[in-house]
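Q: Chains R and C, in that order, are what the protein sequence lines are. All residue numbers for the first sequence refer to this note's numbering, where the first residue is 1 and numbers rise by one. All residue numbers for the second sequence refer to this note's numbering, where the first residue is 1 and numbers rise by one.
Each hint should be verified, as a subset may be incorrect.
With a cut-off of at most 27 Å between alpha-carbon atoms, the simulated DSSO-like pairs for lysine-lysine come out as follows [unchecked claim]:
id, chain 1, residue 1, chain 2, residue 2
1, R, K55, C, K463
2, C, K192, R, K133
3, C, K362, R, K276
4, R, K59, C, K192
5, C, K489, R, K112
6, R, K141, C, K362
7, C, K40, R, K265
8, R, K111, C, K362
9, R, K135, C, K362
10, R, K115, C, K398
11, R, K112, C, K373
12, C, K277, R, K246
13, R, K240, C, K463
14, R, K240, C, K362
15, C, K373, R, K265
16, C, K4, R, K265
17, C, K463, R, K112
18, C, K414, R, K111
19, R, K55, C, K489
20, C, K489, R, K265
21, C, K362, R, K136
22, C, K429, C, K373
23, C, K463, R, K120
24, C, K489, R, K111
25, C, K373, R, K59
26, C, K463, R, K115
27, R, K119, C, K463
28, C, K374, R, K265
29, C, K133, R, K276
30, R, K240, C, K452
31, R, K198, C, K362
32, R, K112, C, K362
33, R, K265, C, K463
34, R, K33, R, K111
Coverage of chain R stretches by chain C, computed from C-beta distances (three or more under 8 Å per stretch; other residues unrestricted) [as the list claims (entries may be wrong)]:
id, segment
35, 10 to 21
36, 235 to 243
Take a look, some chain C residues computed to stay more than 10 Å from chain R by CB distance [stated by the list, open to error]:
id, residue
37, E46
38, V74
39, T93
40, E198
Please keep in mind that the hints were generated in silico from the structure rather than gathered at the bench. We put the beta carbon where it would ideally sit given N, CA and C, even for glycine.
In case you want the letters, here they are:
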Amino acid sequence: MDRKVEINNKKYPERLKKIDDPPETLYYKGNWKEDLFENCLAVVGSRRMTKYGKKICTKLVSQVAGRGITIVSGFMYGMDATAHRAAVSVGGKTIAVMPCGIERIHPSYQKKLYKNILKKEGLIISEYEGNLKAKKWTYSKRNRIVAGLSQATLVVQAAENSGSLITARLTEKFDRKLLTVPGPLTSSVSMGTAKLIKEGRAQVVTEPKDILKIFDKKQSSLDFKKGKKIPEGNNPLENKIMTQLKTEPLTPDELSRRLNVPAQKLGSTLSNLQIKGFLNREGDKYLLADG
Amino acid sequence: MFKKVNSAAYSGLKSIGIDVEINTSKKGLPEFNIVGLPSKAVDESEERVKTAIMNSNSEFPQRKITINLAPADVPKEGSFYDLPIAVGVLASTMNFNLPEKSLFFGELSLDGTLRHTKGALPLALFAKNNGYKHVFLPEESANEAAVIDGLNIYPVENLDRMVAHLLGKREIEPAEYEEEKEKKIKPEFDMKEVLGQEQAKRAAEIAAAGGHNLFMMGTPGSGKTMLARAIPGILPPLTESESLEVTEIYSISGNTPPGSGLIRNRPFRAPHHSISKVGLIGGGSRPKPGEVTLAHRGVLFLDEFNEFPRSALEAMRQPLEDGQLTISRSRERVKYPSEFMLIASGNPCPCGYLNHPEKECKCTPRQVTNYRKKISGPILDRIDLHIQVPAVDVEKLKKQRRKNEGESSAEIRKRVIKARDTQEERFKKEKIRTNAEMKNRHVKAYCNLPEKTEEMLSQAASKFNISARGYFKLIKVSQTIADLNDAEKISPDHVGEALQYRIKMDKN
């Protein structure tokens, strides 16, 4: 069964109609609900994101998606996938716009994410039917749908002359809001975003509130807890560790130096906290479980 | 005139007795024939023996000389049949008797002197086990053989001395074993020099103490290689019996320098990743020991683990698991020991910067997956300690270091030696020596797990999804940590620390 929405269908998203060359037909997987398109934020960024980019993206997206805003992105690995994942992880809605035919999962190794998006009542859409392979030109065509569906586009990390900047340009063309986050200037994937800031094209966001404002969400829903609550540890060392991790994730070595505790003692405490579910480990760093 | 001289041949680390039979006959044209499956090196001994005898004060007989190496169906290899052949020829022409229960062994130089020959120690062991009394071998190899008590080891300088001794004109003094002047272990780096990396250093200490395998993953320049090269400095010295095992392997593979005695320092082998499977595991039509055997009782360091040929890495499964391996070829089947400590290091992805705080990773997820796939699960599963070695901010560390210098290798080594002693005592009734070698039944028999620890273990197992093998691995590492802390029982804290070193495969 071909599931598609034509441009003359009243289910077709209004906002997308307004762009210069809206796709005639949208093929989709999942449950088409019109309210899904009500508040959309496009999140784009580099495939070669750094740990920093991943962290920022996850933090912002999870908070925004948790408040009912649909996250639109392109299902590519790197930043796109991170944004989808962050949305799914808080039970938020997300739309993946595929650069290939609707029957194809590209990249195929993200099958799990694909399924998760659908499970959380998200949507997979594409303007191409069947099993068409992604081509170079379909990526940039896809970007116009990502930008076109959304009120605003958030560029998290982008190199100069990257696809993310194409989406940024389209966003401006469609007269939507362009958002970005600052990044370290030592990194090449900060260059594109830095350029957007320098030229005054994008608005800088530093916290989820900045994004939610655009969507006109009521202030009450913006009531963020100031600072994370630290769970009560069993001994002073556990508390000290969690206080340190409250501000930033740290490697065991950094913790050992800051707290002046030998690595062996620290190791067993970290494991204990992990078993209790207070801490998580990501790569070589530890972070608070709810962070 | 017929003479028989005793010598020996090797198959792997095993020696078998070889009778060198020499017949010199006045009938027939003068010629020199060696039969009994000689290899090229044995065949060529004709020229060495002839010339050496002519250059000594003896005469080479103008007779038909036939040499048989018996048993005739065992292939003979190596240059050490020179001496027995020469002695046999001379005994047969000069008509003197050879002392009973004697073995002859050694390569001849054209001027009649004897050269350092590989395999002296295993030969002496063979001689002792088979009731021989006297062993004649090159002077430079004598010290190695003199390690074995209860034998007369005669260091032979040249053929003239040999003949003088056998004719009873001038006796050769049997060699006494002389310990080499203590060669100080000089690792390339001291643990003190490794900046930061407290957790990695601790993991290295645990690995050294319990003989555990260690895998370090980290971005380029974080100090993995440096750390690995510092490890020889914290390893305990070889025990007497280990020393013998190691020297035997090195002697047979021709890695002992002239005049050397027992090897006292643990081997540290660091082959390059272009190594072939045979180079790593051993092999050849006459199977030779590979790096895994040369690293027996020591460390095998594989830098850039992911770059090694996959076939070579996979072949390491058996030696890693059993501490020995059998190499089978059509001609022979040999068993080599391979009880080594594997230290491997690798990057998280092809470009090396995955999860780097600042630099972006240039690899696609597919590349990362393919890169990691090179090391299979079963291999990783056989490694007890897994650590991430994060990038370090050198400037920051240098400042901190002034305040608080890290421990030196010597200090860490003291703790390691103590922990090894504890293990030696624990396993004195078993064949194993270290915690890492424990099989499940040993874990059950020797690891003292109080109720609280059991509780912690089962909690951890369910929380972190630990497999049955992983569970026992965890206990083994905990036992080593307990030994390092001089504790009789394994406490929950020990398990907690051990948990830090389990496999963590983060994708992206």
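Q: Broken hints, numbered, in rising order?
A: Going through the list in order, the structure violates hints 2, 3, 4, 5, 7, 10, 12, 14, 15, 16, 18, 19, 22, 24, 25, 28, 29, 35, 36, 40 and respects the others.
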